[in-house]
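Chemist: Listed here are the chains, written in short residue letters.
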Amino acid sequence: MAISTATKAATDALAANRAPVSVNAQEVHRWLQSFTWDFEKNRTKYPTKYKMANDTKEQFKLIAKEYARMESVKDERQFGSLQDVLARVDAAKRVHPKWNETMKVVSNFLEVGEYNAIAATGMLWDSATAPEQKNGYLAQTLDEIRHTNQCGYVNYYFSKNGQDPAGHNDARRTRTIGPLWKGMKRVFSDGFISGDAVECSINLQLVGEACFTNPLIVAVTEWAAANGDEITPTVFLSIETDELRHMANGYQTVVSIANDEAASKYLNTDLNNAFWTQQKYFTPVLGMAFEYGSHFKVEPWVKTWNRWVYEDWGGIWIGRLGKYGVQSPASLRDAKKDAYWAHHDLFLIAYALWPTGFFRLTLPTAEEAEWFEFNYPGWHEHYGKIYEEWRARGCEDPNSGFIPLMWFIENNHPIYIDRVSQVPFCPSLCKGASTLRVHELNGKKHSFSDDWGERMWLTEPERYECQNIFEQYEGRELSDVIAELHGVRSDGKTLIAQPHTDKDGKLWTLDDIKKLNCVFADPLKSL
Amino acid sequence: MANYKIHDNPVRDEWLQKIDGLRTLAQGAAFLVDFRKKYTTPLRDDYSLELDWGWIEIKIEEKVAMLKHHELNDQQFLNNNTCGANAQQVADAVVAKMAACTDKYEAEKLHITFRIENKPPIMPVNVFMDTDRILGTKLMELRNTDYYALSLEQLRKERGVKVIALQS
Chain A
383 MAISTATKAA
393 TDALAANRAP
403 VSVNAQEVHR
413 WLQSFTWDFE
423 KNRTKYPTKY
433 KMANDTKEQF
443 KLIAKEYARM
453 ESVKDERQFG
463 SLQDVLARVD
473 AAKRVHPKWN
483 ETMKVVSNFL
493 EVGEYNAIAA
503 TGMLWDSATA
513 PEQKNGYLAQ
523 TLDEIRHTNQ
533 CGYVNYYFSK
543 NGQDPAGHND
553 ARRTRTIGPL
563 WKGMKRVFSD
573 GFISGDAVEC
583 SINLQLVGEA
593 CFTNPLIVAV
603 TEWAAANGDE
613 ITPTVFLSIE
623 TDELRHMANG
633 YQTVVSIAND
643 EAASKYLNTD
653 LNNAFWTQQK
663 YFTPVLGMAF
673 EYGSHFKVEP
683 WVKTWNRWVY
693 EDWGGIWIGR
703 LGKYGVQSPA
713 SLRDAKKDAY
723 WAHHDLFLIA
733 YALWPTGFFR
743 LTLPTAEEAE
753 WFEFNYPGWH
763 EHYGKIYEEW
773 RARGCEDPNS
783 GFIPLMWFIE
793 NNHPIYIDRV
803 SQVPFCPSLC
813 KGASTLRVHE
823 LNGKKHSFSD
833 DWGERMWLTE
843 PERYECQNIF
853 EQYEGRELSD
863 VIAELHGVRS
873 DGKTLIAQPH
883 TDKDGKLWTL
893 DDIKKLNCVF
903 ADPLKSL
Chain B
3 MANYKIHDNP
13 VRDEWLQKID
23 GLRTLAQGAA
33 FLVDFRKKYT
43 TPLRDDYSLE
53 LDWGWIEIKI
63 EEKVAMLKHH
73 ELNDQQFLNN
83 NTCGANAQQV
93 ADAVVAKMAA
103 CTDKYEAEKL
113 HITFRIENKP
123 PIMPVNVFMD
133 TDRILGTKLM
143 ELRNTDYYAL
153 SLEQLRKERG
163 VKVIALQS
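Residue numbers (this note's numbering), protein chains in the order written: chain A, 383 to 909; chain B, 3 to 170.
Just so you know, the hints here were simulated from the structure itself, not pulled from any lab data.
Built from N, CA and C at the ideal position, the CB exists for glycine as well.
Careful: at least some of the hints might be erroneous.
To be verified - Label pairs and their in silico Cβ distance ranges:
no. : chain 1 : residue 1 : chain 2 : residue 2 : range
1   : B       : Thr147    : A       : Asp884    : 51 to 61 Å
2   : A       : Asn824    : B       : Glu64     : 23 to 33 Å
3   : B       : Glu64     : A       : Ala774    : 33 to 43 Å
4   : B       : Met68     : A       : Glu458    : 20 to 30 Å
What the hints assert, rightly or not - Derived pair list, reagent style SDA-like, types lysine to any residue, alpha-carbon separation capped at 20 Å:
no. : chain 1 : residue 1 : chain 2 : residue 2
5   : A       : Lys679    : A       : Ile791
6   : B       : Lys121    : A       : Lys767
7   : A       : Lys767    : A       : Glu778
8   : B       : Lys7      : A       : Gly857
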């Protein structure tokens, strides 16, 4: 049938001028880009060596309406699973006790990272001039708020539904006691929000998110599932779905400064420092959390590290940025050495300092020791024998009157804290690459464990003013510090931290610790 | 040796009493700048308040801010340092010095001294923040140029540190 003239006229008119039945999201995005400002007269609040280009694009082009719709679906799936099926099958009680303790640290510390990422991306929003780039950062700010809540919710869920809630329920006030906290603040807080805005983006997006969220947020879900934990994968994989956009934001930050003269002068230095900052903490801490904080093993940390940090990130991801002049960090080779032994070195110290934690630690069982020796030949000779000695001295039993910190003192193995990373190390015991160097400036002594960090401090000493636990607690008795910083359970005397996860094992109290008369001493004072 | 509690301790109590005795803005501002010079930043040589200086500094700043609120009018509040000097002129002078500076250690001193002498509530926030950004940007540029040009040994010497231990 021939189309009538009137119908044709109407059809043609509609084709030329679409009736406003709905507005395409991408049209809205294009419209938003017309909200630009005169940046000649505008300025950011934050210092940076770089100038971000005014015409930078972003890859995801999200608008608030689409964003909210997408995230609400994810939240419904996640909270629906947690509150319905996982609660009904008692999932939190099926988690292996060792892994339950690990999640006290992982989720709480990641919460801090997400919280600081809110500020970091807000800062980047302020620093960028291109409307599209701002839009990308803004979506990330919203993501980080979501992730902060999610991480807090994991600890809340475990404390409400799981086993041994102490530590899950009050980590925000007890996490500061031990030495792991300050190093985490260095990477997750200072690294993300202090100094040059672009360097912060490199720390957060180019290194933190593109490099370490794979091991941190993805690998952790594999280890969790292997150890009976269905809660962590439910939440962390939902978080990870947003991370891709964050990696893209990091990529676009580099694109935005690619033509700036400053990039050729500073970018690779900033990247190297950012990588070293992040890896110095994450390489040992994640390896320790996975291998020593689990019963069922997935794969040796060194393999995970090689695949995701060295090959995927250092090779492929950074390789893609090569056309913008970005090079793989020179410190990557040194980091690779740390990926083999550093986490074993750290666990020795972490276990020795167990009373300062907000979680329980466990010595490797015979079966686990076999796994360690198989995957890290030489492990037993160096570490395994020490654990056997500690166990023989009754380190798990409060009646023994022995905590492994005493072994370090008896055998003259002083523990130092690296001023830049705040990571503890024992130069006379470590198999990793750390070496001791101590400097005095204006009458104050500082210890360091590697060349890269030492250079960062020599260049910018005011950034690393943080006192370490030996300076902070010097002269104080251990149980007194624990009591002041709320490291006890609801009975007011039993420690949250314990050196075992045996449900029938005796729990240490403040009195047990007091009997040992352990007094903090700053090792730098004796040099 | 700090054998006392972290949050409530005799050192903080002693300083609270001193702060309580501050009665005028001029007195408070001078007290604050003097405290910062003696006990804060890597330029200091007195580490006796190492654990508490941050907390004490904030308490002095709180007191100075209150004294400022009582003594200055709105116009002065936005435009003048606590000593009465025009804030923008003070800032411009430091920015000019920094612009002419080519030595990173000199630039570091300029920036740290600017913060000691002007960090709010001494200088109005609106002037301080932007000046701090400009100074910080220049300092970062100087520090990051030829970052690896010197060996660690040379860098230690330049920084003026005394090497206590070096494990080979």
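Chemist: Look at each hint and say if it fits the structure.
Modeler: Hints, verified against the model:
About 57 Å separates the C-beta atoms of B:Thr147 and A:Asp884, a value consistent with the hinted range of 51 to 61 Å. A hinted range of 23 to 33 Å holds for the C-beta pair A:Asn824 and B:Glu64, which are about 28 Å apart. In this structure the hint that B:Glu64 and A:Ala774 lie 33 to 43 Å apart at CB is violated, the actual value being about 55 Å. Look at B:Met68 against A:Glu458: about 49 Å separates their beta carbons, and that is not inside 20 to 30 Å.
Among the hinted pairs, A:Lys679 with A:Ile791 is inconsistent with the structure: their alpha-carbon atoms are about 32 Å apart, more than 20 Å. Our distance criterion of 20 Å between C-alpha atoms is broken by B:Lys121 and A:Lys767, whose separation comes to about 55 Å. About 16 Å separates the Cα atoms of A:Lys767 and A:Glu778, which keeps this hinted pair within 20 Å; it holds. This hinted pair checks out: B:Lys7 and A:Gly857 have alpha carbons roughly 11 Å apart, not beyond 20 Å.
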